[in-house]
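Trainee: Read off the chains here:
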Amino acid sequence: MKTWSSLALAVTLGAVLFLSGCGGNNNNAGTEATTGSNAAATTAPESSPEAAATQDTLIVGRGGDSASLDPAIVTDGESLKIAHQVFDSLLEYKPGTSEVQASLADSWEVSADGLTYTFKLHPGVKFHDGTDFDAEAVVFNFTRWSDPASEFKFEGDSFDYYDSMFGPDGSRVIKEVKAVDATTVQFILNQPQAPFLQNIAMTSFGIASPAAIKEKKENFKNEPVGTGPYVFKEWKHNDSITLDKNSGYWKEGLPKLNKVIVRSIPDNSARFNALQNGEIDLMEDLSPDDLSTLEGNTELQKIERPPFNVSYLGFNFKKKPFDNVKVRQALNYAVNKQAIIDAFFSGQATAAVNPMPPSLWGYNDAVKDYDYDLDKAKALLAEAGYPEGLPDPVTLYAMPVSRPYMPDGKKVAEAIQADWEKIGVKTVIESPEWATYLDDTKAGEKDDIYMLGWTGDNGDPDNFLYTLLDKDAIPGNNRSFYVNEELHTLLINAQKETDQTKRSDLYKQAQEIIKADAPWIPLVHTTPLLAAKANLKGYVPGPTGTEYYSGIYFE
Amino acid sequence: MNSYLLKRIIVLIPVLIGMTIIVFSIIHAIPGDPAETILGQKATEQSKQALREQLGLDKPWLQQYFNYMGDLLQGDLGTSIRTKTPIAKEIMPYLAATLELTAAAMLFATIVGVNAGILGAWRQNSWFDYTAMIIALIGVSMPIFWLGLMEQLLFALKLHWLPSIGRMDQRNPVESITHLYVIDTIIAGQWGQLWTVMKHLILPSIALGTIPMAIIARMTRSSMLEVMNSDYIRTAKAKGMPQFLVVYKHALKNALIPVLTVVGLQTGALLGGAVLTETIFAWPGVGRYIFEAISSRDYPVIQTGILIIAFIFVVINLIVDLLYAAIDPRINYK
Numbered sequence: 001m002k003t004w005s006s007l008a009l010a011v012t013l014g015a016v017l018f019l020s021g022c023g024g025n026n027n028n029a030g031t032e033a034t035t036g037s038n039a040a041a042t043t044a045p046e047s048s049p050e051a052a053a054t055q056d057t058l059i060v061g062r063g064g065d066s067a068s069l070d071p072a073i074v075t076d077g078e079s080l081k082i083a084h085q086v087f088d089s090l091l092e093y094k095p096g097t098s099e100v101q102a103s104l105a106d107s108w109e110v111s112a113d114g115l116t117y118t119f120k121l122h123p124g125v126k127f128h129d130g131t132d133f134d135a136e137a138v139v140f141n142f143t144r145w146s147d148p149a150s151e152f153k154f155e156g157d158s159f160d161y162y163d164s165m166f167g168p169d170g171s172r173v174i175k176e177v178k179a180v181d182a183t184t185v186q187f188i189l190n191q192p193q194a195p196f197l198q199n200i201a202m203t204s205f206g207i208a209s210p211a212a213i214k215e216k217k218e219n220f221k222n223e224p225v226g227t228g229p230y231v232f233k234e235w236k237h238n239d240s241i242t243l244d245k246n247s248g249y250w251k252e253g254l255p256k257l258n259k260v261i262v263r264s265i266p267d268n269s270a271r272f273n274a275l276q277n278g279e280i281d282l283m284e285d286l287s288p289d290d291l292s293t294l295e296g297n298t299e300l301q302k303i304e305r306p307p308f309n310v311s312y313l314g315f316n317f318k319k320k321p322f323d324n325v326k327v328r329q330a331l332n333y334a335v336n337k338q339a340i341i342d343a344f345f346s347g348q349a350t351a352a353v354n355p356m357p358p359s360l361w362g363y364n365d366a367v368k369d370y371d372y373d374l375d376k377a378k379a380l381l382a383e384a385g386y387p388e389g390l391p392d393p394v395t396l397y398a399m400p401v402s403r404p405y406m407p408d409g410k411k412v413a414e415a416i417q418a419d420w421e422k423i424g425v426k427t428v429i430e431s432p433e434w435a436t437y438l439d440d441t442k443a444g445e446k447d448d449i450y451m452l453g454w455t456g457d458n459g460d461p462d463n464f465l466y467t468l469l470d471k472d473a474i475p476g477n478n479r480s481f482y483v484n485e486e487l488h489t490l491l492i493n494a495q496k497e498t499d500q501t502k503r504s505d506l507y508k509q510a511q512e513i514i515k516a517d518a519p520w521i522p523l524v525h526t527t528p529l530l531a532a533k534a535n536l537k538g539y540v541p542g543p544t545g546t547e548y549y550s551g552i553y554f555e
Numbered sequence: 001m002n003s004y005l006l007k008r009i010i011v012l013i014p015v016l017i018g019m020t021i022i023v024f025s026i027i028h029a030i031p032g033d034p035a036e037t038i039l040g041q042k043a044t045e046q047s048k049q050a051l052r053e054q055l056g057l058d059k060p061w062l063q064q065y066f067n068y069m070g071d072l073l074q075g076d077l078g079t080s081i082r083t084k085t086p087i088a089k090e091i092m093p094y095l096a097a098t099l100e101l102t103a104a105a106m107l108f109a110t111i112v113g114v115n116a117g118i119l120g121a122w123r124q125n126s127w128f129d130y131t132a133m134i135i136a137l138i139g140v141s142m143p144i145f146w147l148g149l150m151e152q153l154l155f156a157l158k159l160h161w162l163p164s165i166g167r168m169d170q171r172n173p174v175e176s177i178t179h180l181y182v183i184d185t186i187i188a189g190q191w192g193q194l195w196t197v198m199k200h201l202i203l204p205s206i207a208l209g210t211i212p213m214a215i216i217a218r219m220t221r222s223s224m225l226e227v228m229n230s231d232y233i234r235t236a237k238a239k240g241m242p243q244f245l246v247v248y249k250h251a252l253k254n255a256l257i258p259v260l261t262v263v264g265l266q267t268g269a270l271l272g273g274a275v276l277t278e279t280i281f282a283w284p285g286v287g288r289y290i291f292e293a294i295s296s297r298d299y300p301v302i303q304t305g306i307l308i309i310a311f312i313f314v315v316i317n318l319i320v321d322l323l324y325a326a327i328d329p330r331i332n333y334k
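Residue numbers (UniProt numbering), protein chains in the order written: chain A, 1 to 555; chain B, 1 to 334.
There may be inaccurate statements among the hints.
Pairwise CB distance ranges (calculated) [to be verified]: (1) B/Ser25 / A/Glu218: 25 to 35 Å; (2) A/Glu414 / B/Ser25: 28 to 38 Å; (3) A/Glu234 / B/Ala103: 51 to 61 Å; (4) A/Glu155 / B/Ala188: 36 to 46 Å; (5) A/Leu254 / B/Leu157: 47 to 57 Å.
No lab work stands behind these hints: they were computed from the structure. Each residue gets a CB set at the ideal place from its N, CA and C atoms; glycine is no exception.
Here chain B stands alone, though its shape is the one from the complex (with noise of 0.2 Å):
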């Protein structure tokens, strides 16, 4: 297990490599100069120039890249062209903030679809059954950025249940220590505090869940049916095992392992896939700061970003890998 461990993380370094090269690529082959985007259409050409000249942004890009990562493997991420300050301060807000928001939203995706797939699967062809495969197609196709704003319209509108935008109440501040509120709110032990962050995350963690729960509870469901009529099962029934405890506790358990690759795979693309969620719902995340730092050519922080995610993306993968041994003995990585 530990060597496989230890196997799994040397094959990152090439795989991120890999990924910063095509990152540094994509990026410069976007046209559009920097500097004009950084200072603005009111900015003077000698001013302009200078920072091309700082930035090292008029040396071949082979050069630019070069430096970039001899900089990275002395940890240091780059600073960030637009607001000057280092890259590695910088984001963690925002990828807390980010953090956050996938947590929940998987969260609600992972217990609404997983539920929503075993009952379809145990009363299969029933009424609830239907609905719910109805309900998780419409999901899989929902627009969030539709979905955001007429939940925005219903839920803070119309019945004034939940706040619309941001993370927490303004007049009202959160401390932040780790600049996850939901933490720093039980830290600090100010339960009103947690309530109100808590409410501020249902709206877009349904927004930004909707989709993967609906792949969820499709996933559970064909993968249950499949489980549920295998003999193991049978028997249990035959033995005169509660219903309940057949579904859930034995079928489940097998069921779960392509359920846990889907939601692995659907945890990373949201990590980076957040942007519309992000803006309609003013969360400021990593998802609206890289989506800032392209339209105003923030190199180092577009680069460091992506690569960023494209890190935590990896870990997932290997958590979920781990956890299938976890979960079935019969998967032993040696």
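Bound conformation, chain A alone (with noise of 0.2 Å):
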């Protein structure tokens, strides 16, 4: 009998759900027809017509989720996202552009040797804790970062791009941090740095709340305080990250939205659908296949951020014949970089000339690229002592996964593949896995020319071509083994000058010379799409993908 009741039970019950449900959505329907077509389009199908009035919760849908929340220990720009919101740094970028001006640093000295930066810090702004931000709180946070003994480097944690921007320890660039009023911070330099202020305005350097780091300890990570436009609430991880409003933050009229809710969608196609059914207002990474449909539909509008990307063919110089520098340029010349943006990117992305690009100071405009042209490739070859082609199969590794500077790395591979097919390269595409990947490429034993890609860290060419291509960065970023000697030194004295024009000119040179030993295919810049309800104003992308929320709201 038991078995009996309790199926009719659920029979029952599951009858009784399946009509709520058609009557409940009908009702839905109801108030989304009756309160408009904006209230439609900015709704989710379960809010109230009250919450559609006065839109105050911004809800951001993005591929993956935050590592953690303190930006000193991050590298990864997920979780740099969030800590933009949460923490100030001394000095920001300009939004939408990687110029530096004042944040919590209103004005800055720099002395005649580049050697001492003064800063006059912003008064009377507190942290989320309520306690006061000021130069002792800026000293606590460069000796946490740059003590290896310091206590409160917790288990597990570096900071990465502190040693990365600044050095490693024993090779530090910042001497010493002092606080020299309560308001007013020295720097002392070790040896002048260039791109010292670029560095400093990086969001890995955001100031966080002593006293939270002293009583949160560990835990700091999930928990961060700073002196930010909105205060972190809640983490629910691979789900959500709940923003609200700092009422009392410092610089007037910002924040303009109530609270910020970052969502986990890692699905592309589920993410664009959830913001076309109002269940998410701003969306990261369209992929180029979906443009036309948002295009198509006037309640969203299409974000671009700045393109300041490269994706790269690389090759491998511990590979034969790529050490010869005439079948790098061969194959330079046997790649059709605009069939590939027309193919791949729709349109969204230029053909890349130097290894960094173009809307970056420094950028080297008379530099020619290799044009599409298989008889000169051919020619190169022959001249290389291969008139036939290359002998065996090239490995190629294409990447597995999206990335905002290549969507589809298999995709592209395939169309090279083809292209070089015709002046006698036959190609064997492999893509393991990304950890596989990253880890191959590296050591450099199985790959004879990889794809990869790189988005600038912060606005100095530096981050680009020393990070990439220098011999200082085998093993590394520079997985090509490429070393030039001449190409060092000009590196090493741009990092040491501080005359900007001097520099520009050391970074044109340093283009002209990797243009002609071409260890790389520089491949496309492309421009990351995001898309967004149409009545979201006051968003700007930034380049490096360092943006704020805070000038958001809704029409």
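With the hints as a guide, bring both chains together as one complex.
Mentor: Written out as structure tokens, the structure is:
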């Protein structure tokens, strides 16, 4: 009898659920219809009409979750994105650019020898926990990052960006950070560093509340406390991060919304569905394939992030014949970049000539790209001793994951494979899983040519040229194992030079050397796409991905 | 009965140990440097080396295994490399999300599947029978990914009936106590919220439940057909018992045993295999938790996650076995 009754119950329950489902949905359709088209566009099906009228919550949909909320210990963009809303740095990038402007520091002075930077701090700023922001807080943070024995460096933490921007322990750029008085802080350097201000403005060097770090210890990475426009409220891992308005924010009139929720929605199509269904207001990483749907929907808008990246094919100098410059140049001549852009980027990219994007200062316009010219390619191969093309198939590593600078690496690799076939170069495409991919290319034993890319961290050419192509970056980001002493000297000199015009000249020379040596085939600079509701205003996407949600509002 | 239960629980121990050995060996056979994956392309060589040492990744794997087992026996499920949070604490919300989704999916699969199977058998070779079995056939071979996106397209984008992603309306969040939102909202007496949470459950549970639903329908049908032709059913019919009672009371009870096995096995399979559904519907469940751990080489999370799922799977099987006895008094465990 038991089975009978429980089954009957289950059946009835199911029927009730189903019927009530239809009823509730009808109601929803009704409210949407009566509140007008604007409300229908901005309301999630389950929201009340009131929420639609005064939308004060922003819901952002992105592909991944943060790894940690303490910006000092992470290097991934998803983590820094949240940190940027919770923390302020001494300086910041002007919205939409990589130009430096004042933030927590109102003004600064540099000594003639370039060794002393004196910052005047904005008075009266408070951390979210109510404690005062002052020079001591700045000293505390910088000491925490630089002192390897700091008691506030918790188990497993490493301050990677501090080490890479200001030198690892043993060769630190910053010698000392001093609190002169409550609102004056002085940085004394061991040697001049040209991109110093650029570096200080990075989100990783956001100033955290010393009191909160002392109190929360390890848990600070889950409950960050800064001075930023939004106050951290809740983190549901792999689901959402909720931020509340900092009503006492020191920048007047900001933030404009009461609440920001950042959701992780891994699938690109599902994320776009959620935007169309009104469940999120702003989405990142729209796939170029969805562009036409987006443009056909008047309730949505397209947002373009300024291009600040490069994707490229790198030659592995450890493998013959790619140590031969003629072979590298020949393959450069045999890639039809424009065809790739038309086919796979929906036009949202430009052909790359140099290893850094044209929007960055120091970019060399005079450098001429290797045109798509199969005859020249064949001639060069013949000069290199391969008149019939290369004898062995080339192993081309194509990225298994989608990145802002390369949405579909495998398809692009196939197009290049077809081009190279025409000059007698056979290609085998391999796409091992991402972790293995990074390992293999770093070891340089398996791949002949690899595909990779880079998004700039700050607005300095050093962050492209030195980081990716200098001999110091082996092993690491220089996966070509490309060594050119002349280039190395240029890049090191450029780091020490403080006059930007002279630095710019040095970087221009560097780009010429790189073009001639052809360690890479620079492919494209992409314009990453975002999509939002049409009535979302005041959002300025940053080139580095560092951006503020504080200026966003709904019309 | 009690001694049987005890015996079954003791047998669990070597099963679980075997499980840890297999999982541990497989994970460590995967190429790829966890330090690089965790810290990212932009990390310095120094900090990667430090991380390897700190995690004991530079030690031989046998030693790593014994360290892991030692911790496990002390009740320490390990710490996630990526988030640096204890797994025991971290996994609860994920587990709850998956349990809720699996329960809803199995409820859907069982109610629809069993009833379709019964009606199919009752009206064998009728149009209903044919339609149901054709749908079941399509259901078994339906790619979850495609089904999920189609559901979103139809019920969310075109009809605006249901939300397409997530577990709740983020603009009006649910306070979580047990992390099972259906229960949380009932405890709090928030009926509006309960309704919202249930609406969020509908699309993903249909996507996840379609395959088991089809399997259950086919199993129930064939099992019912067998029972319906037996003597005692003929007797019941001859006594003039109403058809409905014959089918739902007398026949179903005996036909249910093989169905129960399928339900148990499918529930276990869904627990671990929900990755696709969880990805499409942005459902923060344990499938995605383990998946993300795999792509970031978060060894402790992969190990513990799989172990917990294996444990639940085994427990479900145990429950199914016990239910046999409850349904059929002839089955007696000694």
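Trainee: Which of the listed hints are broken here?
Mentor: Hint check: 3 and 5 fail, others pass.
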